[in-house]
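Peer 1: Under full-length UniProt numbering, the first residue of the sequence shown is numbered 1, with each subsequent residue one higher.
These are calculated hints, taken from the structure and not from any lab test.
With beta-carbon atoms standing in for the labels, derived distance ranges:
#1 Arg51 / Asn11: 37 to 45 Å
#2 Phe24 / Ala45: 26 to 34 Å
#3 Arg8 / Phe28: 19 to 27 Å
#4 Glu10 / Gln38: 31 to 39 Å
All residues carry an ideal CB built from backbone N, CA and C; glycine is no exception.
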Amino acid sequence: MEKPPDWRSENYAKAYENYDRTDFAQEFLRRNPEYRDQYAEVVDAAPLALRRLARHWGLVFRCGP
Numbered sequence: 001m002e003k004p005p006d007w008r009s010e011n012y013a014k015a016y017e018n019y020d021r022t023d024f025a026q027e028f029l030r031r032n033p034e035y036r037d038q039y040a041e042v043v044d045a046a047p048l049a050l051r052r053l054a055r056h057w058g059l060v061f062r063c064g065p
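Please model the complete structure; the sequences and the hints are all you need to start from.
Peer 2: Written as structure tokens, this is what we have:
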């Protein structure tokens, strides 16, 4: 994912004009320290831990290639 432009930039609004609800939800979670900490704890854990995390945050993780 590309780094978003500086919020003071003239292009700031353009970076988000094509976002939908899913994009904004992902951006919210990416910046949420509680979610980031929980994800870091389970990312390499058993699938059950990932399912619990997903259920807690209302997510669906794509598995496999």
